[in-house]
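With these hints in hand, go ahead and build the complete structure from the sequences.
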Amino acid sequence: MSIELGFALYKGLYLARRCEEYIVRHYPDDEMKTPMHMSMGQEAIPVGICHALAGKADILATYRSHAPFLAQTGDHGRFFAELHGRVTGTADGKSGSMHLSAPEAGMLGATAIVGSNISVAVGAAFANERLGTGRTVVAFFGDGAVDEGTFWESINVASLFRLPLLFVCEDNDYAVHTPKSLRRGYASLTAIVRGFDCLVYEDESNDVETIYFLTREAIAAARERRCPVFFNLKCCRYLDHIGIAPDGDACYREPDDVQSWRARDCVATQRARLIRRGLSEEILADHEQATDRAIEISIAQALAASVPAPDRLYRGVFHETS
Amino acid sequence: MRRLSFAEAVREAMVQEMERDPTVFVFGIGVPSHAKIFGTTAGLEEQFGAERCFDTPISEESMTGFALGAALRGLRPVHVHIRVDFLLLAMNQLVNMISCYNYTTGGRTPIPLVIRAIIGRGWGQGAQHSKSLISYFTHVPGLKVVAPTTPVDAKGLMIAAIRSEDPVIFLEHRWLHWAVDAVPEDAAASPIGTARVLRRGRDLTVVAVSWMVVEAMHAADILARHGIELEVIDPRTLAPLDVDTLAASVSRTRTCIVADCDWVFSGFSAELAASITERCFGQLTKPVRRLGWAHTPCPTVRALENVFYPNAETIVHVVEDMLGCGPFDLAGVDFYNHENRFKGPF
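Residue numbers (this note's numbering), protein chains in the order written: chain A, 1 to 322; chain B, 323 to 668.
Be aware that one or more of the hints could be misleading.
[Unchecked claim] Derived, one-sided and incomplete: chain B residues facing chain A with beta-carbon distance under 8 Å:
(1) Ser327
(2) Gln369
(3) Ala389
(4) Gly396
(5) Asn414
(6) Tyr423
(7) Tyr425
(8) Thr427
(9) Pro432
Worth flagging that the hints you see were computed from the coordinates, not collected in a lab.
If you're wondering where the values come from, they're calculated on a predicted model, not measured in any experiment.
All C-beta atoms in this analysis are idealised placements derived from N, C-alpha and C, irrespective of residue type, glycine included.
Spelled out as structure tokens, the structure:
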């Protein structure tokens, strides 16, 4: 991979990571009154995939959608405005952290009901094929969503209708706080999914470049064979299911487990790789400082922006009167 | 003007919209199969191809999410359910996703999506093939709910529903499919959100929903022979509800019956009665009376089905009680009997 492309991926990773680090710092101020499900640790998946699709993706995400939103849009200004409940946000503050969207930028939406975005992605892929938009739909969901019937219904329909979309299972082992061992009556998910007329890929690297190349390869194959792709990508959420406490502080998982993932952190790994390839520490540091300043400005602008006036409550219930 | 059945009117509306707009498509379980959803989807696959009229796996929730996704990316889906009871499996998509999608995306997301569902009494349909569930849908902000009762409105409201930028639940009573009337050939939309006064009268207003409009009109005919004038109003659109038209009528007649095509307790009739009472309390001579289904699961056996469902006779008796008239001699009155028409099995 070229230094330029590797650097672009790093910028995506750094933005998602730093935005959440600022959230961790500021969440106790109680200015962002919205339940947060943090992406931290899982950024390589959306960054690698969204970059691979180079602006031609339509993505649907979950309540853990900070990194997918930022990877797809880069728009930390509206991101922080929405988290602060301001009119400059993605939805006047009506959506908060769990329903981030930017339909004009291919971020079609995020759902707080596990698995509910998967079938929506199939319909969006159907429309893109019918209308010949050339866009590829990506459904992000966790391994918990696989427990929902709609996951199986959706992969069946997409396989039956031969729709080239990307089902991305962000496999962090936990559904809220419940491990897979308490949820699955089978040994191998991918062995079952391989029974459908779709392509199945597995990866445990947590590496943004690997995921980037995997996505390029998979989408090309899916378009050629006219079928969906299922990705099972292992990852680790660093923080608790909800909120900013480190995962592993509570008793349901081993702190060592999280530490072993942190040892091959996707942001640090990509940074070290760029240095090895010859990118200077100075260039990296300049970019990081500029990003930090830009994030700080976004947060300051969000705090300075207006909260919605009471008459905004009824606006948007119906589109025709929005 | 040529005459069409309600079912033919629904079909013609879909055909004309599909001809006008290539993004419209119709799909659902059994939609292109030989029975053609009681004839309402006849000819669609032949005319528009399998790409725009197709069958699906029995996956109600996911195919409803599919419709949402298609609507998000520029198509106008019409999703058909042969019985509303199956739509319960899709309530997550309807209530958690579709109804609030525009709102949670800052009003930036049109959802041009129609869900057709057959409701109500059939032929021994029993507890799981005969519901209406009207209040389930009207309770939720962000969903428009229409229940036309005439062929003209079936066509006009289907056209309006397909052209709407908001999700519309289109409820069709099974027996109304046979209603026949003059229907204009051109594709004109009936406005969503306006009631229709079907019959003028001075003595009592009956606000009737779906099939109960037929029973109310029949009751009005019977009572007219005894000098009682009923005003019959069909709300047509249940959400948003045209309360102005209902209130204007009740302000004149000062007496009101709400005849619902559903269970009474916590049903849509409660919303109608409350909305009318809030607007007309000072003019009402009596509390608004509600009638609808017995509060039991729907029995299959005809002898109990006939007790479970109200009809024109029920309305006549409530009118007698409210106006202190009668009892009128109903001997020889031919009440609607679906056995003359309906031989099953579905």
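Would you list, in rising numerical order, the hints stated earlier that this structure does not obey? Failing hints, ascending: 1, 2.
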